[in-house]
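A.B. asks: Line by line, the protein sequences give chains U and H. Numbered per our numbering, the first sequence spans residues 1 to 271. Numbered per our numbering, the second sequence spans residues 1 to 334.
Calculated directly from the structure, the hints in this document are not laboratory data. Beta carbons are placed, not taken as given, at the ideal position from N, Cα and C, and that holds for glycine. Hints may be right or wrong, so weigh each one.
[What the hints assert, rightly or not] Below, a list of computed lysine-lysine pairs in the DSS-like style, where the Cα atoms sit at most 27 Å apart:
(1) K318/H with K307/H
(2) K161/H with K3/U
(3) K2/U with K161/H
(4) K318/H with K231/H
(5) K307/H with K271/H
(6) K191/H with K161/H
(7) K132/U with K227/U
(8) K19/H with K259/U
(9) K3/U with K191/H
(10) K307/H with K231/H
(11) K75/H with K259/U
(12) K75/H with K161/H
(13) K3/U with K75/H
(14) K161/H with K127/H
(15) K2/U with K75/H
(16) K75/H with K127/H
[Stated by the list, open to error] Restraint-style ranges between C-beta atoms, simulated for each label pair:
(17) G190/H with Q4/U: 24 to 30 Å
(18) L118/U with R141/H: 42 to 48 Å
(19) L121/U with Q138/H: 23 to 29 Å
(20) R141/H with H168/U: 33 to 39 Å
(21) W251/U with Q189/H: 41 to 47 Å
(22) S65/H with L6/U: 28 to 34 Å
(23) Q4/U with G70/H: 16 to 22 Å
(24) Q4/U with R185/H: 30 to 36 Å
(25) R141/H with N13/U: 24 to 30 Å
(26) R185/H with I248/U: 47 to 53 Å
(27) L121/U with G96/H: 25 to 31 Å
(28) Y258/U with G96/H: 30 to 36 Å
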Amino acid sequence: MKKQFLLFLRTLNARAYVRIFGQMREATWVVASVLGGFFTMATYIYLYRTLGTGSEFSGLVVLGGFMTPFFLNVLWGVATQLYWEKEMGNLELMLVSPAPLSAFLVGLSVGGAMHTMLRSLAVLFFGIAVFKVEFTVLHLPLALLVFLVTLFSMYGLGIVFSSLFLYHGRDAWRTADLVMEPTNVLSGSYFPARFLGVGLLGIAALIPTTLGLDALRQLLVPSFTAKVLDWRWESLILIGLGLVFAFIASWALRSVEYKARRDARLTLRWQ
Amino acid sequence: MHTAIQVENLTRVFNQRGKAPFHALRGVSFDVSYGEIFGLLGPNGAGKTTTIKIMSTLLLPTSGSVAVAGFDVEKDYARVRPLISLISGGETSGYGILTVEEQLWMFSQFYGMETPVARSRIEEYLKVVGMWDSRRQQMNRLSTGMRQKVNLVRGLVTDPKVLFLDEPTLGVDVEASVIIRSIVRDWVQGKPERSVILTTHYMAEADELCSRVAIINHGLILANAAPSQLKQDLDSRAHYEITVDRLDGEQLGLITAFMGEGNDLVLGADKVTNSPMLVAHLMHESDIARLIAALAGQGATLEYMRKLEPTLEDAFLKMVGRRFEDEEAVSPVS
Chain U
1 MKKQFLLFLR TLNARAYVRI FGQMREATWV VASVLGGFFT MATYIYLYRT
51 LGTGSEFSGL VVLGGFMTPF FLNVLWGVAT QLYWEKEMGN LELMLVSPAP
101 LSAFLVGLSV GGAMHTMLRS LAVLFFGIAV FKVEFTVLHL PLALLVFLVT
151 LFSMYGLGIV FSSLFLYHGR DAWRTADLVM EPTNVLSGSY FPARFLGVGL
201 LGIAALIPTT LGLDALRQLL VPSFTAKVLD WRWESLILIG LGLVFAFIAS
251 WALRSVEYKA RRDARLTLRW Q
Chain H
1 MHTAIQVENL TRVFNQRGKA PFHALRGVSF DVSYGEIFGL LGPNGAGKTT
51 TIKIMSTLLL PTSGSVAVAG FDVEKDYARV RPLISLISGG ETSGYGILTV
101 EEQLWMFSQF YGMETPVARS RIEEYLKVVG MWDSRRQQMN RLSTGMRQKV
151 NLVRGLVTDP KVLFLDEPTL GVDVEASVII RSIVRDWVQG KPERSVILTT
201 HYMAEADELC SRVAIINHGL ILANAAPSQL KQDLDSRAHY EITVDRLDGE
251 QLGLITAFMG EGNDLVLGAD KVTNSPMLVA HLMHESDIAR LIAALAGQGA
301 TLEYMRKLEP TLEDAFLKMV GRRFEDEEAV SPVS
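Please construct the entire structure, taking both the sequences and the accompanying hints into account.
C.D. replies: Here you go:
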């Protein structure tokens, strides 16, 4: 048992290392993604200012700009990763090794979250510095807790999707491309999710960013009133979602590995 | 226990959409002992890679069984995986952004190795393959040969009991191939409980490395023996190539009559010197002395002579009916 736990931790650490230190070597990509996030955020802030909305809208946009890279990382860095590992020839080696697939995925989630954190903090810093956006730090520890709970739920969802992507290959890849913008809209990155209306909110609540961002806005933006639910309820829902995603992910990974071995899908590229 | 691998009546059928099922393996059986380098030879689509993928737990058999180090690959795959390594030719695994030593450390962690032990073995093997000085180079800046050496080190660092080598020298230059072969041979001899399963397109490689080879075609094992035995079984006659200063058709007829039935002589010309060249297929090794005497009796002076040994490729050609280079891919997992 201890041996298995150590194996899990070592695999997690090694896979996270690639994400944290390996990708740091691609400096141009890091700079481009920070600038990209910053300019998207700037566009919305200028839009709200042009419309003469309250200052709290700048705050919620900056928080949206902070969370969006995490959402993109979950979609492109976790959900699609097993598919890419297969295309690169790594998946066979991962499976032949004694390490469980979940350890690789948790590792790349942890690594991805840490790597994304640096970019997101840069976006947050530029947002605060350039647009003079103010946040309250009264509830900072609670906000950090809500943020971690949101990450847990988001990356859990990413791991669930990684199994689907592995099994459905390029079809899933195209689907991700297709759903990226709609899910970006539904998560309310640059506007209060409450304005989606009850029907759409029901669907949007399944995307952890939606409730996570709403809860963070309640805790950090003093004048934000357009909340969906109280942040406490939102946090509980996020914990529940995270646990459900973790359970589904664990089952799906085992199931997909078995089916892949049965159908030879792990041994065939371009499927 | 002396059996590293036991394969019994293994079959694998691939169901393909809109096509008839493809029978990649049709009842394959063999075993591999510890200390052995066992070769699997066959044309593309013969079933070699399918067999390796089943043995390495990547694929389930349709029927039959495979045990690696005594564990069933279907039911006990979690116990098999710590004991094996897989290295494929031309593989581009890992992450180009990592350095050589980072990449090797990363893979060692997937086997739960303690970092100091892993680093020590990485150093040892990188020195063996002559790449210690390149340890801080990024993977995406390595040549094919260097990359394959790193792959080999990756397979050895975890000290597996069974090493699967699927075309390990594919696309690699001669020098790197020689190094890889030498390391594989030394590695097997290093500990008693080690064995290698090798698939290769290079017959000379199989001949040099393998203690036994199985020739597989259309999912069936056609032969399973030592390379020397396969060559011996091919033809019991002795073959010679003899270049002389002069010999005509009439003299050849006289010599053929003198040698007697069962000894075939074919007259041609040496490609370089254009001198008469005799290819002799003799019933017995000792008949060569009579032939040389007969040539001398006809006034022909010997310029050059060599014995023609049958190759593993000849044995393969005889059994499969075509050479590797005549092949076309037909299997979904070739």
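A.B. asks: With the threshold set at 27 Å, check whether the alpha-carbon distance from K307/H to K271/H stays at or below it.
C.D. replies: Measuring from Cα to Cα gives roughly 17 Å; hence the hint holds.
A.B. asks: Are the Cα positions of K2/U and K161/H separated by 27 Å at most?
C.D. replies: 23 Å, holds
A.B. asks: Would you mind confirming whether the straight-line C-alpha gap from K318/H to K307/H stays at or under 27 Å?
C.D. replies: It holds: about 20 Å lies between the C-alpha atoms, which stays within 27 Å.
A.B. asks: Quickly compare the C-alpha distance for K161/H and K127/H to 27 Å and report which way the hint goes.
C.D. replies: Roughly 22 Å separates the two Cα atoms, so the pair holds.
A.B. asks: CA of K75/H to CA of K161/H, is that 27 Å or under?
C.D. replies: 19 Å, holds
A.B. asks: Given the hinted pair K307/H and K231/H, is their Cα-Cα distance within 27 Å?
C.D. replies: Answer holds: K307/H to K231/H is near 14 Å, not above 27 Å.
A.B. asks: Given the hint that K191/H pairs with K161/H, test it: the Cα-Cα distance must not exceed 27 Å.
C.D. replies: Holds, at roughly 9 Å.
A.B. asks: Just tell me: holds or violated, for the beta carbon distance of S65/H and L6/U against 28 to 34 Å?
C.D. replies: For L6/U against S65/H, whose Cβ atoms are near 32 Å apart, the range 28 to 34 Å holds.
A.B. asks: Do the Cβ positions of Q4/U and R185/H conform to the proposed distance bound of 30 to 36 Å?
C.D. replies: Holds, since Q4/U and R185/H (Cβ atoms, about 35 Å apart) stay within the stated range.
A.B. asks: Taking only the CA atoms, is the gap from K19/H to K259/U under or equal to 27 Å?
C.D. replies: 20 Å, holds
A.B. asks: Between the alpha carbons of K318/H and K231/H, is the straight-line distance 27 Å or under?
C.D. replies: Holds. K318/H to K231/H sits at ~10 Å (cutoff 27 Å).
A.B. asks: Does the hinted range 42 to 48 Å hold for L118/U and R141/H at CB?
C.D. replies: 26 Å, violated
Violated hints, in rising order: 16, 18; the structure is consistent with all others.
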